[in-house]
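Each chain, written out:
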Amino acid sequence: MWHIAKRELYDNLNSLRFALATVLLIGLMLTNAVVHLQEHPKRVQAYRDGVAEYEDRLTAFADESLYRLAQKGPGDLHKKPSSLRFCAEGSETDLPRTTEGLIRWTTQTLESFWILRYPPVNTSLGSLRPDATLVDWSFIIGYVLSLIALLFTFDSISGERERGTLRLILANAIPRHTVLIGKFLGALISLSIPLTLAVLMNLLTISTSSNVHLGAEAWGRLSIIFFIALLYTCLFLALGLLVSARVQRSAVSLVILLLVWVSLVVFMPGTLAAIAGDSASPKATHGFYEHSWQLHYALEDQYSSRWREARGDSRKKMEVDGAFVTEDVEQQEHLHEARLKQQVSQVNQARAITRLSPVTIFQHLLEAFAGTGFERHLQFLENVKVYAREYREFVVDTDKADPESLHIIGVREGMSQKPVSPEAVPKFEDTLSFSKDFNTAAVDLLLLALFIIVLLSGVYLAFVRVEV
Amino acid sequence: MLTTLIHRELLDNLMTFRFAAAVFITLLLVVTNTVVLIKDYERRLAGYDDAVKMHQRQLQETNTYSAGEMYVDRPPNPLSIFNVGFDKRPGNEVKVSHRYVPSLWDARRHGSDNPFMNIFTSMDIVFIFKVVLSLLALIFAYDALAGEYEGGTLRLVLTNSVRRGHILLAKYVSAMLCLLVPLLMSLLLAVILLTNSAVISLNNHDFLRIGGIILASVAYLSVFYLIGILISAAARRTSTALMLAMFVWGFLVLVYPNVTLAVIRRLESPQARTASTFNQIQQIWEEFDRKRKHFLATDAFPGEEWHFSVIGGGSLYAGFEDDPGLLRHNYISYTDFETLSDEHEPKIPHAQNYFRFLGRLVTDTADRTWLVRKPALENIYIHPAKVESAWLKLSPVGLYDATTQAWAGTDMHGVRDFFDTVRQYRHQVIGYFYDKDVFGSRAWFSADKGAPDWGSFPQFSFQRVDTNINAKRALPDVSLLLMINVILFIIIFLIFIKSEV
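For the record, the sequence lines run as chains G and U. All residue numbers for the first sequence refer to this note's numbering, where the first residue is 12 and numbers rise by one. All residue numbers for the second sequence refer to this note's numbering, where the first residue is 8 and numbers rise by one.
Since the hints were derived computationally from the structure, they do not count as laboratory data. Heads up, a few of these hints could be off.
As the list claims (entries may be wrong) - Derived SDA-like pairs (lysine to any residue); straight-line CA-CA distance at most 20 Å:
{"#": "1", "chain 1": "U", "residue 1": "Lys-400", "chain 2": "G", "residue 2": "Lys-352"}
{"#": "2", "chain 1": "G", "residue 1": "Lys-438", "chain 2": "G", "residue 2": "Lys-53"}
{"#": "3", "chain 1": "U", "residue 1": "Lys-60", "chain 2": "G", "residue 2": "Lys-53"}
{"#": "4", "chain 1": "G", "residue 1": "Lys-53", "chain 2": "U", "residue 2": "Arg-272"}
{"#": "5", "chain 1": "G", "residue 1": "Lys-53", "chain 2": "G", "residue 2": "Val-271"}
{"#": "6", "chain 1": "U", "residue 1": "Lys-393", "chain 2": "G", "residue 2": "Ala-143"}
{"#": "7", "chain 1": "G", "residue 1": "Lys-396", "chain 2": "G", "residue 2": "Gln-305"}
{"#": "8", "chain 1": "U", "residue 1": "Lys-60", "chain 2": "G", "residue 2": "His-302"}
{"#": "9", "chain 1": "U", "residue 1": "Lys-95", "chain 2": "G", "residue 2": "His-224"}
{"#": "10", "chain 1": "U", "residue 1": "Lys-400", "chain 2": "G", "residue 2": "Arg-322"}
None of the values given here were measured: they were computed from a predicted structure.
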């Protein structure tokens, strides 16, 4: 078996495709590293500026009074950029980087409290730049390497059959499966040489730069990503062997493989997403803001009778005011969240269906381990929600601790007027948790493994029955 | 002789597995995607119709001219099914107001779509052709000459008195004929699907444009076929030719566009330029504010507020609003009264006088800021986009994309045409305001003596540009594609003539 693998390896090492693949992969990986080194510091800087602004804001309000803190809220919360974004861009440019704390209205006596809002990215609106898939690992490996894997295997069995060498090999007393495993290993090793070289050069460039720091955890994640990349390569090697074993001529085998590759890798993700997205499209949100104001006015109408009753009694009026402000916030946040939920469920459905294509599975896996992409964005939103709750609880608790306060949340006169120590205010920290990432990735990992097992057993069956 | 050669080649190609596979895969991809794309277009059109209705209703419900917000909506382009280009990208509703000159950067997206769905790549028919046709052309070409060298048949053919140029021509013509079959069949099916759809109406001009797209596709196909032949003639061995062809394909289609953009694209925005232009715009508005205050100070009732302390049933607002990122800074004042009490009646003529003056001043100032704002925005947004698309055109894939976008009218020009029309419409509206003295009318700020007459307003309509303009825009790129064809053919001819058999 090792003998066959070695022979395959030598064959491949001397071939044109090996040289071309090595040059192409190294070139792409170096481009990736250089672009990352340029862009990442800017992203980190933007994030730091955002966080600094947020902290200044909190400190300023905390110095003023608890009421200010409660009314203005934490403002924009920023998503922490991942240091592994060069592995998977995860369409981060199309995902928002912040959530917003919005003050919606003020009247002469009352001010609305902040609500948590999820503004979409609008940067693309003014841009007329051509679309591009960014050159990240998921592109280099998912698209380019998978194509190369097919080019390495399309003739490995059919070519030998054409030349008649297959008959020679099988004439020796080697079991067929050994031949097959030998061929598979040979192709895998000869592909992993350029891949490893390119990855090492990429990582070397990135890690020697002082701009970007990769911690121990990042290296752990990188090794998992590398392992997944190898698995993914195995999938396409198996596909190549399968077709090569079934088809008599290598030219035909290549045509089939290329067309399968084009449909699986290039077209399936987009088409399936469009089909799935279409079927699950949320109802149009025309006049969303109109609707939100209508709800607001309806609430005002509801409260008008209670305000009338409370006329003259300042304490009672304050209570009604407070209840109105609180309920308004709840109602609006509920509205925004419902819309977000609809949008997210549409995307989730589309993402689930696009998993039929192995390249999407691979991209999801890379995104999960690189801490980018849609799942990561959902995690960020979850973090924000937890923080918002914490923040509001902090306000209520601090207010309770102040004996001079009337404990009416929502009204200036009803709440603590004392400044709060800025250190005591809970700070938002966007965290990436490894176990959560692993959970989201488990399904994809299983699917990938399933794909490989099915294909490998297919290859085995096809090769065992092959007529020489 | 030539016909015999073509006949032979044609039969050779037609009977192959790759021909069957080519037809099958193109038809499959084009038909499935066309169905999806038509559905998507229908949804966008429905969204557009809803938005138009909603904006009309909102305008009708407004009580005064000053509070009226006129929105115009950008309809989706039916030819975006062929090449989506920039049709989905910029905002599709824009406010028309005398307060500022509307541009692409002031447009917003109406709420019919889910912004998260942008994370998926969107397909169009040209994208399928871009990837599949080029691949098929190379699959047909890699062994065209190398196979004959290897098989020794070339020597046989040449012993007859056949001219080498004829052999080359015969190969080219027959392979192109074969490759045209999947291209034309799939386009035909796509057009049939399009004409069967209830909501899409294509006129003669659209069919001409589709014809232009077909022409560009043929030129593109031919470029890749010739690249394949070139490799085949130079490599002489099929296996080498195949590997080279595949890597060239991967490089041109997958790698080059993305790598170039990754390398030349910069995230930074020209901050300094933005800031200085914004300052300039602010200064123009400050001057406006001085004039406004001067007017208030020197009229018959010197020293009063902008609203002459007229308070009625309704709301009023005045102030500046700005968006430094988009270089927008403008003055807004609106008054939305349903009722006015009699005690304010004496002040009404003064208010009318002031608003008549203000309307004209705001309009003029907005026009003046546009002169500053337009070049700055072009510099920030249009210039880098042009540089990037110029770089992409170094590869035939980029040329093909650009020329089909121009035909479909979804290119940068096509999108900007709409906003040019919107600016013309704004002129019309302002002309109407002047003609009817809307600024100085009572209905400008109060509805107590009759609501505005929204019905007699000039109507907005947008027509896509003529086909000959589309053709003019597409011409440079198409001719470049054709030129590449000719150059490649000459090179192949020279190599083939000089080659030893």
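Do the hints match the structure? See the list:
1. For the suggested pair Lys-400 of chain U and Lys-352 of chain G, the alpha carbons sit about 41 Å apart, so the restraint of at most 20 Å is broken.
2. Of the pairs offered as hints, the one joining Lys-438 of chain G and Lys-53 of chain G is violated, with about 23 Å between alpha carbons and a cut-off of 20 Å exceeded.
3. Pair hint Lys-60 of chain U plus Lys-53 of chain G does not hold up; C-alpha atoms about 44 Å apart against a cutoff of 20 Å.
4. Restraint check for Lys-53 of chain G and Arg-272 of chain U: satisfied, since their Cα atoms lie roughly 14 Å apart, inside the 20 Å limit.
5. At most 20 Å may separate the alpha-carbon atoms for a hinted pair to count; Lys-53 of chain G and Val-271 of chain G exceed this at roughly 40 Å.
6. Between Lys-393 of chain U and Ala-143 of chain G, the direct Cα distance comes to roughly 15 Å. Compliance with the 20 Å bound is thereby established for this hinted pair.
7. Note on Lys-396 of chain G and Gln-305 of chain G: the hinted pairing is violated, with a Cα-Cα distance of about 25 Å set against a maximum of 20 Å.
8. For the given pair, Lys-60 of chain U sits about 16 Å from His-302 of chain G by alpha-carbon distance, which is consistent with the 20 Å threshold.
9. Between Lys-95 of chain U and His-224 of chain G the CA atoms are separated by roughly 38 Å; this puts the pair beyond 20 Å, and the hint is violated.
10. A distance of roughly 73 Å separates the Cα atoms of Lys-400 of chain U and Arg-322 of chain G; the hinted pair therefore is violated under the 20 Å criterion.
Of the numbered hints given earlier, the model fails hints 1, 2, 3, 5, 7, 9 and 10; all others are met.
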